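Asks: Protein chains in written order, with the working numbering: chain G, 47 to 181; chain R, 47 to 181; chain F, 47 to 181; chain H, 47 to 181; chain W, 47 to 181; chain B, 47 to 181.
Incorrect hints may have been included.
The list treats identical chains as one, so a pair stands whether inside a single copy or across any two.
[To be verified] For lysine to aspartate or glutamate, the following EDC-like pairs were computed, each having C-alpha atoms within a straight-line distance of at most 20 Å:
hint, residue 1, residue 2
1, Lys114, Glu173
2, Lys95, Glu70
3, Lys168, Asp101
4, Lys154, Glu164
5, Lys48, Glu120
6, Lys154, Glu173
7, Lys48, Glu72
8, Lys48, Asp118
9, Lys54, Asp133
10, Lys95, Asp109
Everything labelled a hint here was simulated from the structure, so no lab data went into it. Keep in mind it's a predicted model, so treat the numbers as computed, not measured.
Number of protein chains: 6
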Amino acid sequence: MKTAVIRKAQFNSAHRLHNASFSEAENQRIFGLCNLPNYHGHNYTLEVKLIGDIDPQTGFVYDLGILKDIIDEEVIEAFDHKNLNLDTAEFATLNPTAENIAVVIYNKLRARIESAYEIKLKLYETERNMVEYPC
Amino acid sequence: MKTAVIRKAQFNSAHRLHNASFSEAENQRIFGLCNLPNYHGHNYTLEVKLIGDIDPQTGFVYDLGILKDIIDEEVIEAFDHKNLNLDTAEFATLNPTAENIAVVIYNKLRARIESAYEIKLKLYETERNMVEYPC
Amino acid sequence: MKTAVIRKAQFNSAHRLHNASFSEAENQRIFGLCNLPNYHGHNYTLEVKLIGDIDPQTGFVYDLGILKDIIDEEVIEAFDHKNLNLDTAEFATLNPTAENIAVVIYNKLRARIESAYEIKLKLYETERNMVEYPC
Amino acid sequence: MKTAVIRKAQFNSAHRLHNASFSEAENQRIFGLCNLPNYHGHNYTLEVKLIGDIDPQTGFVYDLGILKDIIDEEVIEAFDHKNLNLDTAEFATLNPTAENIAVVIYNKLRARIESAYEIKLKLYETERNMVEYPC
Amino acid sequence: MKTAVIRKAQFNSAHRLHNASFSEAENQRIFGLCNLPNYHGHNYTLEVKLIGDIDPQTGFVYDLGILKDIIDEEVIEAFDHKNLNLDTAEFATLNPTAENIAVVIYNKLRARIESAYEIKLKLYETERNMVEYPC
Amino acid sequence: MKTAVIRKAQFNSAHRLHNASFSEAENQRIFGLCNLPNYHGHNYTLEVKLIGDIDPQTGFVYDLGILKDIIDEEVIEAFDHKNLNLDTAEFATLNPTAENIAVVIYNKLRARIESAYEIKLKLYETERNMVEYPC
């Protein structure tokens, strides 16, 4: 049976939901307040889950100190106190919905963590809205 | 790989656990304080998870504004500030345990949400007691 | 300088807001959904704060085990899994608003705790609605 | 003895800390990441406390439904999903620190709530950083 | 479709991470501050999930009062206010990482709960570090 | 009117409540499980509140980055992952109750923060037990 370890982190970003190929009316109908032109923001809470086997020598599935460093490098440095639309290459054209942010973070972490570990993410955009990827 | 979106909601209801086919002694033994005749109540917290694919145009799995409206119509209007045993058709004879409440809510939401989306619910009856359905 | 100790507890009760001297229309206008006749309910979270001096022998302001027992006897046994309107003498005629519940609990605890300690209560009716007494 | 009622609300805004009269180096030294030019954002959680007397007829200090409406009009409509620096008159020149946001909200609410009620605010900018005004 | 019930509990323990077969330098490199010789401690929060079928007579998957008693006997009495390394047979030689604590608790609960129920655990060591077993 | 800023931090420590001048029976009666000889532990959550005036130039009462550094130096480095009884000079003879820990932290912070700022602390030993000093 596998075991999972989970590490929580937070970052504070501005964003705006917008699809340049939609009309202004469509953008407003689909994205509502989230489409307002000057951006709004969130305290994003991220949970990174790694699923693997417990190393009998250490009792660890994965060193959470190392996982924290990877999250700091790949997520916090990239997105914290940034405007996702303006300041990041990842969301220059990709709409920064919580779903897409989770996929982008997954791909960044997947490239850093050995494939023996399954990765699952949970991202809270607000206390009431969250996403999980993959699911 | 699939993605999930989760929307949280709350409702405050009175209820009593009771099975009319049990003896009074059985009801008391099985349901304890929850069997007291004049009802008690809870702040129920509901998490509705929809599992699907990210729409590449919107970046959404499902519009959470629409999901909120469906939850408001099917759950909040039906159960909030109600006595589940006395005020609702669903629990006129069905025992309003957290498990049964989750199943009832699932069926109500299942009827409103396209079958392409898998639905999973988590219902908190208290901070220490929760149920998940389906699981 | 004084020090405070705080103990948290929870109870689950049904209640209904109603003033028999109001017309039906007034009751509905003032109390809204909370006036529905068959009761609804809440997970009430109570914080009891005692303000006093640190006993240099024990390092305690007040033994929190004893405070827990007093809360259990005066609050949990009295109100948990009860219908405040129907099952309690305190709210037989007094409207069980969060404000009044806090005052009633204060008076019950005040009678049990030495006057050297100032008592302050915080009562959460929901995550978004709370009261403090005295203030 | 007075009683307090507290109502919690949330709004999601973008902001940037900056003082146009400071040099660029000073702005960066004092405001750090919060000075980045393209804005970042937060889920602000606001607690509005009104201190007054319990009305013996209603058992209320203040109708929390009315307080919710006032908060919606004065705070949520004004600041939710907005860029505080660009979209609001209040922070066109005033630096939108949590302290200043609390003072601005206080003044807006003070103008709407009878002077018999003392108002106190708590504003969470993140889970770890909060302000209280007045204090 | 199966249904899950979840019961939350807490225990406060001291522990130290250490592998006697590692050199001192290795212990320090791998376990860092957690290796300090005089122990530190945590408020562990445990969620026990039982997956099964709803009994149509009771509306329960499992009586949460009975589950609470089993958790009290197997977990709280065994580990609460204890030094995991010094006071428990389970961690006399097994390193008390959150992963290993979860496995030990699983085995203790598995021996008490009918095999018809699948058991899953989540253990919070801190607000930011958690494990799940089995996963 | 004054304004407060609050910064939250956490540390994980082992401790044991004991008064060497008490008999063994007294120690056990007064401190209960907390008197067990091999220590237990907690995730302590600390809230440091500074009360002062908003600087009109910065919009800050106090730079929370500086406050974080002071908390790190005076509290986290001193107590995190430590055994309070064995590893710290402050609690070599002083009983490490939450009350005494709060007073010790207050004195350490008071020595670092200008007297123009009033300091108030809240310390959570568990989710249900907290202290405030001064009060």
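Asks: Does each hint fit the structure? Answer for all of them.
Replies: We went through each hint and held it up to the structure:
For a Cα distance limit of 20 Å, the shortest separation of Lys114 from Glu173 across copies, 14 Å, qualifies, whereas the shortest one inside one copy, 23 Å, does not. In the homo-oligomer, the alpha carbons of Lys95 and Glu70 never lie at most 20 Å apart, since the shortest distance is 38 Å inside one protomer and 30 Å across protomers. Taking identical chains as interchangeable, the C-alpha atoms of Lys168 and Asp101 lie at most 20 Å apart only when they sit on different chains, with a minimum of 19 Å there against 25 Å within one chain. Taking the closest pair of Cα atoms, Lys154 and Glu164 come within 20 Å of each other only inside a single copy of the chain (14 Å); across copies the shortest separation is 27 Å, beyond that limit.
Within a single copy, Lys48 and Glu120 get their C-alpha atoms no closer than 26 Å, and across copies no closer than 23 Å, so neither meets the 20 Å cut-off. Taking CA atoms no more than 20 Å apart as the test, Lys154 paired with Glu173 passes in neither setting, with 25 Å inside one copy and 24 Å between copies. Proximity of Lys48 to Glu72 under the C-alpha cut-off of 20 Å is found in neither arrangement, the shortest distances being 45 Å within a copy and 26 Å between copies. When the C-alpha separation of Lys48 and Asp118 is checked against a cutoff of 20 Å, the pair qualifies neither within a copy, at 26 Å, nor between copies, at 26 Å.
For a Cα distance limit of 20 Å, the shortest separation of Lys54 from Asp133 qualifies neither inside one copy, at 23 Å, nor across copies, at 29 Å. Taking the closest pair of Cα atoms, Lys95 and Asp109 come within 20 Å of each other only inside a single copy of the chain (12 Å); across copies the shortest separation is 26 Å, beyond that limit.
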